[in-house]
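**Q** In case you want the letters, here they are:
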Amino acid sequence: MAAAAAAPGPGSGPGDSPEGPEAEAPERRRKAHGMLKLYYSLSEGEAAGRPSGPDPLDPTDLNGAHFDPEVYLDKLRRECPLAQLMDSETDMVRQIRALDSDMQTLVYENYNKFISATDTIRKMKNDFRKMEDEMDRLATNMAVITDFSARISATLQDRHERITKLAGVHALLRKLQFLFELPSRLTKCVELGAYGQAVRYQGRARAVLQQYQHLPSFRAIQDDCQVITARLAQQLRQRFREGGSGAPEQAECVELLLALGEPAEELCEEFLAHARGRLEEELRSLEAELGPSPPAPDVLEFTDHGGSGFVGGLCQVAAAYQELFAAQGPAGAEKLAAFARELGSRYFALVERRLAQEQGSGDNSLLVRALDRFHRRLRAPGALLAAAGLAEAATEIVERVARERLGHHLQGLQAAFLGSLTDVRQALAAPRIAGKEGPGLAELLANVASSILSHIKASLASVHLFTAKEVSFSNKPYFRGEFCSQGVRESLIVGFIRSMCQTAQSFCDSPGEKGGATPPALLLLLSRLCLDYETATISYILTLTDEQFLVQDQSPVTPVSTLCAEARETARRLLTHYVKVQGLVISQMLRKSVETRDWLSTLEPRNVRAVMKRVVEDTTAIDVQVGLLYEEGVRKAQSSDSSKRTFSVYSSSRQQGRYAPSYTPSAPMDTNLLSNIQKLFSERIDVFSPVEFNKVSVLTGIIKISLKTLLECVRLRTFGRFGLQQVQVDCHFLQLYLWRFVADEELVHLLLDEVVASAALRCPDPVPMEPSVVEVICERG
Amino acid sequence: VEDDMASVDLPSDARALTPQTAETDAIRFLVGTQSLKYDNQVHVIDFDDENNIISKTVLLHQAGEIWHISASPADRGVLATCYSQGECARGGLTGGGLGQQRAELFRAADSKVVTCAAVWRMPAELEPGGQESPEDAASPAHALELLCLLEPAMPRAPLGAGDGKRVVSLADSHILLWDLEGSSSQATLASSASLEGKGQLKFTTGRWSPHHNCSQVATANDTAIRGWDTRTMSQIYCIESAHGQLVRDLDFNPNKQYYLASCGDDCKVKFWDTRNVAEPVKTLEEHSHWVWNVRYNHSHDQLVLTGSSDSRVILSNMVSISSEPFGHLVDDDDLSDQEERRLEEKSQEPPQDSVIATYEEHEDSVYAVDWSSADPWLFASLSYDGRLVINRVPRALKYHILL
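Residue numbers (full-length UniProt numbering), protein chains in the order written: chain X, 1 to 781; chain V, 1 to 403.
Each computed EDC-like pair below joins lysine to aspartate or glutamate, with the alpha-carbon atoms no more than 20 Å apart:
no. : chain 1 : residue 1 : chain 2 : residue 2
1   : V       : K202      : X       : D598
2   : V       : K282      : V       : E240
3   : X       : K188      : X       : D223
4   : X       : K613      : X       : D623
5   : V       : K256      : V       : D353
6   : X       : K125      : X       : D136
7   : V       : K282      : X       : D509
8   : X       : K335      : X       : E269
9   : X       : K592      : V       : D172
10  : X       : K75       : X       : D87
11  : V       : K37       : X       : D765
12  : V       : K398      : V       : E50
13  : X       : K469      : X       : E547
14  : V       : K202      : V       : D172
15  : X       : K476      : X       : E396
16  : X       : K335      : X       : E255
17  : X       : K592      : V       : D222
18  : V       : K202      : X       : E595
Pulled from the structure, derived: some chain V residues nowhere near chain X, Cβ distances all over 12 Å:
no. : residue
19  : D49
20  : G77
21  : S234
22  : N276
I should point out that these hints are in silico values taken from the structure, not numbers from a laboratory.
Just so it is clear, CB atoms sit at the ideal spot from N, CA and C, and this is done for glycine as well.
Make the full structure from the sequences, and use the hints.
**A** Structure below.
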């Protein structure tokens, strides 16, 4: 039943849809499915108001208005089989019955309601009639009341007027009384010190007195008042001037004075003058702390004092001033700014003096904290007084201090470097005194390198404090950009590496070239240090720096490769200088030995001269020393019997060819052809040539220098037969021991050949010693 | 450079070289040989500039091996040598077979080498100018005529003065000034001075200053350079540790009276202003071994020649400290064509010191270099093996300087 009753409503929608396509084709074309739905639900709503379904003309619609039973029956008969007809018939009968009973129930219910409604209406009608009567009565009463009220008003009229007048007189009298009492009140207030109250009274009375001053009595009052006010003002000023009380009271005084109509200009001046006095007091106390006497409080305390005393005071003054003299306009603001600027600059001067005292100390954290406080403190007045430029000045100071710190650290690093060099010198000098082996060169090198590195790291860490996030000035553009790139990276790190190279190079240029100034081992060590820097340390340090100080600045920085090249150049120069110095030491020994001996009257050689042994010993020592720091390096392939060579050839090969021909001017020019051809095939020897970074190259350089010296010295002497033989023996001895040190043993051969050949030339009686004898002597030696 | 070069090999070792200072027409050098076994000679080297031919004349110098030679600036025929000889050979031993005899002498246990200095005169027939051709081999060699002996003396010592009337010799720690009289045939010791200090101080070399009317001499001992006033024989200035090691040679700038060049065993050539000797004005470090000789060009003092035992000769252009202000020699009237204008532009560039050329013709140590006194663009260098090389300043540079 319910389903059937409900069915036609919602059922009409889907039921209609088959017919829809023709009628509502345009709407159907709206593609959105949701729109369709919306449309149908809307049409349903409208359908409720409409008498018929969407297609009212369909005669077969049971619920439709145009339902035609005949058509419907025809349709059924035509379309449906018997069974279905039967079914629909029973169904229909059942539905008709249900509808009938529904209708009956509805009619019955409606009838009941209608009857109760009729009852209610009747009762209401009665009530209204009663109410109408009462309303009439009320209207008549009101008319009576109105009448009475009018009469009372008329009788009371003139009394009311009189009362009003009296009240006015009373008020006037009260005012007059106040005026007359004013002088005494003011006096009392002044006596009691209630200046605020007095000023308020005076303010209230002033206008009136002004207005009525033509009346003698008022005039007297006004005069009295003026006298008292003047006194009041004087007292206020007095209090203001005494100034013992703090800034707030002063501000109050000024406020009262302003209310008294004192000239603002003058007050403003005076106010500032007083403030100046106070702040100067603060500055003086700061200066006293700074004082010449050493027990000054630490810098943090100092900036704290300055911050709370001076900067706080300045803040109060500025705030009070701006409150009090806001009316002064830009001129007043300018005055205040000038005031703040002047005092601020004095304060800054003091702070800078204090910070300058701090330059020497190594502790950055305290300084940074102090700077942080200083900078932070000045933000408030900076915001208050933008025109005074205090914050900028403070930032400038901080930047300057940061720069100076960088310089200080650079100096510190340089000093540390020099210090470690001094340590090395001492360590190098010590073993000889102690008579035992001190720390090895490699160890010293490691010590120096690690100490420098740790100093660099410490400096970086220390400088890094300036850029810490919690520090108030770290977000300033300077600290984000220039400080990191130009300051830390360039001037500190790059600057230090450069100065290190320069310091090292200065050892090469020292005027005391005789070798006394710088121990050769130090040269060697420095050269290795620079080489290590070139290969690894520089890039490590710079990477470390770049990581710690994320450089945002785009300004150009020194590339690693440039520094490396400089370090390498330094290392090369140092090593070359080392070779020169060591070569010189051995050269001097050889030169002395040649120059001081009387080669003409020497005896037949029995031994290798001691100096040659010394040369070999020293060379061995140098070899060991260099070996501690430098790699072996490559040498040319050895001939198997290098040590077996003797000097029998020299005395014959060269000079025989040269002197054999006759000595007339017509002699052919090819006399020394032989020796020249011999030389043609040997390379020119660059004696002081640059060396490579390995042991063999270093030793080759030293030996080259020594042997060339020997050669030149021999050429300046004249030898007897035994002198020549001695040279022969000495050279063979050197040959035996020196070849192992050099890259190309041919070189030693060549130079020693030259020495012996030159000695033979310088001998009027060249009778060389038997090679076998030479060998025997050398082996014995 | 190859075109500009000529060389000759002497049959003996040699260290001593000098231009014939008084000769201003012919390009002539004197070379002294150094041999213990044979008679030593002074070779007079003539260079025919046009044909690039070297001819030489040999003069016997039998007194001993020549360590140093210098020519009189006044008399073409007069030269001084410093030589060494065996003790006994000094007694007037002359003639052939000397070598043999001397060898005998050296065998004696007490044999000694003595160094002497002497002034000589060349045979008169040579003076007109070396027509004697080398083919004329059969004729016996002429001998030098001994004028006077200066005793005692050290190697590398005698120094002729500007007027040819005075000679200075160095003996150990003494500096001796001699007056030459009677056309140099007699030398009298005029004055002397000696080095004072601890240790055995020895002069190594010396040089007359061409300025101040030839009244100054500079000497070197060990690493120090000293200036002497010959009128009072007192020291004028002293450059202590002028070089790291031994100072080998000195030369005065011919045009700037206070400028002095020195060289030494530290492979450096240094230029000094004798008024301020704390620091050298300039230092060159081009050689790779001891520098034995330094010479200013007589006319163009920016050209400096150095010889070294690394067998190289280096010609440097020291414009920045030369007397010639750069660029002023160009005359405006001559600037007619483009090329000259270009040249002028070139000369407007700031002066830069540079090595002009490195000559590597020698195979042994070069102990002596010098400029020709006749042709300022020509110089000779002598290496120990007896090779004498004559070179010219590169033409481009020559024109650059002249224009």
